[in-house]
Amino acid sequence: MKKHTGLALIIFIGIATTSAFCLPQAGSSGTGSPASGGQATIAQPDKLTPQHNSLPVKEGAILGEKENLRESLNKQEVESYLTFLPSTRTKDENSHIQIIESEFDYSYEYKLFEKIPVTFSLTSEYIDIKENSSLDLPSHLIGLSTGVDVVLPFFNLDKTYINLGVSPSIYRDDWRFETSSFRMPVNTFLIYKPDEKWVFVGGLAFLPDYKDKFFPVAGFVYKPDEKWVFNITTDDPSIAYSPNDKLTIFTQMELPLGAEFEVKQGNNKNVVLIYNDMRVGLGVGYKINKFVSVTLAGGGVFDRYIRYRDVDGKLSIKNGGYAEFSVDIQI
Numbered sequence: 001m002k003k004h005t006g007l008a009l010i011i012f013i014g015i016a017t018t019s020a021f022c023l024p025q026a027g028s029s030g031t032g033s034p035a036s037g038g039q040a041t042i043a044q045p046d047k048l049t050p051q052h053n054s055l056p057v058k059e060g061a062i063l064g065e066k067e068n069l070r071e072s073l074n075k076q077e078v079e080s081y082l083t084f085l086p087s088t089r090t091k092d093e094n095s096h097i098q099i100i101e102s103e104f105d106y107s108y109e110y111k112l113f114e115k116i117p118v119t120f121s122l123t124s125e126y127i128d129i130k131e132n133s134s135l136d137l138p139s140h141l142i143g144l145s146t147g148v149d150v151v152l153p154f155f156n157l158d159k160t161y162i163n164l165g166v167s168p169s170i171y172r173d174d175w176r177f178e179t180s181s182f183r184m185p186v187n188t189f190l191i192y193k194p195d196e197k198w199v200f201v202g203g204l205a206f207l208p209d210y211k212d213k214f215f216p217v218a219g220f221v222y223k224p225d226e227k228w229v230f231n232i233t234t235d236d237p238s239i240a241y242s243p244n245d246k247l248t249i250f251t252q253m254e255l256p257l258g259a260e261f262e263v264k265q266g267n268n269k270n271v272v273l274i275y276n277d278m279r280v281g282l283g284v285g286y287k288i289n290k291f292v293s294v295t296l297a298g299g300g301v302f303d304r305y306i307r308y309r310d311v312d313g314k315l316s317i318k319n320g321g322y323a324e325f326s327v328d329i330q331i
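Numbering (the working numbering), first residue to last: 1 to 331.
Since the hints were made in silico from the structure, they are not lab data.
Since no wrong hints were added, every one of them can be taken at face value.
Listed below are the simulated SDA-like cross-link pairs for lysine to any residue, each with C-alpha atoms no more than 20 Å apart in a straight line:
1. 314 / 94
2. 213 / 309
3. 223 / 239
4. 159 / 188
Use the sequences and the hints to build the structure in full.
As structure tokens, then:
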């Protein structure tokens, strides 16, 4: 799960640096990270996206290799994730909880008027919950979101761009999408790329109707060579190492931001349920061919709880682990 603000941070760092209004790029192999495990989107409360764990490096996009310009700006991408959090004991009572998360992402990137980078995205999430606690919890949670992000030159400032994004979203415990569960997160952040190795970002995501209405967008991405990428940002920080064109080894971290869903609790409708955790792990990605990549990751889950936002009821969960598998198809 992720905090769905519609922020495609790493995607647009790549797009902004390969657009028609960026500086000329030096030649390179264009390999980047062999496996691109996700749109590093700050999606819905929690998986800041993803939403899932994501390898935050688009192939050939992080520093905008010139030969990948057309491919990176006119492509479709489909990503599917499955994350398993095995049965774990709760802290406050003698009960257990098991969670399985699945997600499907579709994105289409192109250049408006052959100049302005635009990305449309669609994300569907399903979270299965099995537990025997005394807390009245739904058996599953559902999310559906769309997004539009645009990258523009920031006035006349050299090497500086601005990302504008909006992500209409609905998160519930059933498919009856009522207006009360509709959210419209928006984000704005600046992108500054002083040279071929560094990209800096800074801005803010606004999440109306959430408990925490603002989220900072800040950090940097450093790519010293074709093998290493250091993504030190508030959107799932990670480090990726690619020893060759097929294999990528990466760390991943998801911050504990609290995913919010409107659910039914007994006779109460449209009650906000918050699921919170932090994940730290390692993974490996493999590029099967030009179009298909897969990743396998796992690690620890910490600071876990499920609670109702405005009514009594909280379930604290002991630390545990997770395993995740993803498939990425780029056309």
